[in-house]
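Heads up: the sequence shown runs through residues 364 to 633, numbered per the numbering used here.
Treat each hint with caution, since some may be false.
[What the hints assert, rightly or not] Derived pair list, reagent style DSBU-like, types lysine-lysine, alpha-carbon separation capped at 30 Å:
no., residue 1, residue 2
1, Lys548, Lys526
2, Lys608, Lys622
3, Lys526, Lys380
4, Lys526, Lys622
Quick caveat, the hints were computed from the structure, so don't treat them as lab data.
Bear in mind the structure is a predicted one, so any value in this text is a computation, not a measurement.
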Amino acid sequence: IVMRVYFEKPRTSVGWKGFINDPRMDDSFHIEEGMERARAFLLQVVELGLPAATEALDPIAPQYLGDLIAWTAIGARTSESQTHREMASGLSTPVGFKNGTDGSIETAINAIKSAANPHSFLGINRQGRSSIVRTRGNVYGHIVLRGGERPNYDSVSISLTEKALHAAGFAPNIVVDCSHSNCFKDPNLQALVMSDCVRQILQGNRSILGLMVESNIEGGNQPIPEDLSQLRYGCSVTDPCLDWKTTQSIIREAREALKDVLPQRIRLAG
């Protein structure tokens, strides 16, 4: 289990851009405070023995948080960005590139190819100074299917993705995002998506390596009120989420269903 800890929020137009950008949620944009609090939170997560996953949006942020991150996502809106492909090539974690918002997988596959190669670009070094960054490439890139104009977690979509990855010369390593367009943005449907993927694995699928769920303590989401004291604790202020009780239930169900299959897959991979 890897905890999804997303501090940056890509926006289609405008809106709250996340905990790092505006930690007080009042348009005061105390970014330095946001960075410090984000790092403090990650330290607490890691001290629990729980790996953390995040989305890399700002190309500078990974230099401040990267040592506490185990898995990184590049979002559907940024997988096509040269800046983010270059950044991914130097990250010390596996990187999942999401398919485009229209559902196309070509953008993600091109991003995997780009990030696997060395790059040189302007950035900052470990001392926070502007510098020329040279990377060796990240060979641990893979695709994250998040749906588009329609869901793409079904067995046919998985098979087509496998073939496209093979044709591009990559191993068919796939993570399925149970949220976003795969659940029509209805958080409760994430359980059905996860169940279908578990069924595919039980029927012999070997390409699905991970499942992503958007969850929080409370289900659903809420708008950010002018009076922040009215915020409901543990309820998302961005995408609607699955509640924690249901999250626990579907994880345990998946573990029970796959307890004999996954060890066998690991042995075969070894």
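Compare the distance between the alpha carbons of Lys608 and Lys622 with 30 Å, and conclude whether the hinted pair is satisfied. holds (21 Å)
Given the hinted pair Lys526 and Lys622, is their Cα-Cα distance within 30 Å? Cα-Cα ~28 Å, so holds.
Restraint status (C-alpha distance of Lys526 to Lys380 at most 30 Å): Violated, at roughly 36 Å.
Take a quick look at whether Lys548 and Lys526 sit within 30 Å of each other, Cα to Cα. Given pair Lys548, Lys526 holds - Cα atoms ~28 Å apart, limit 30 Å.
Comparing the model with each numbered hint stated earlier shows that hint 3 is the single one that does not hold.
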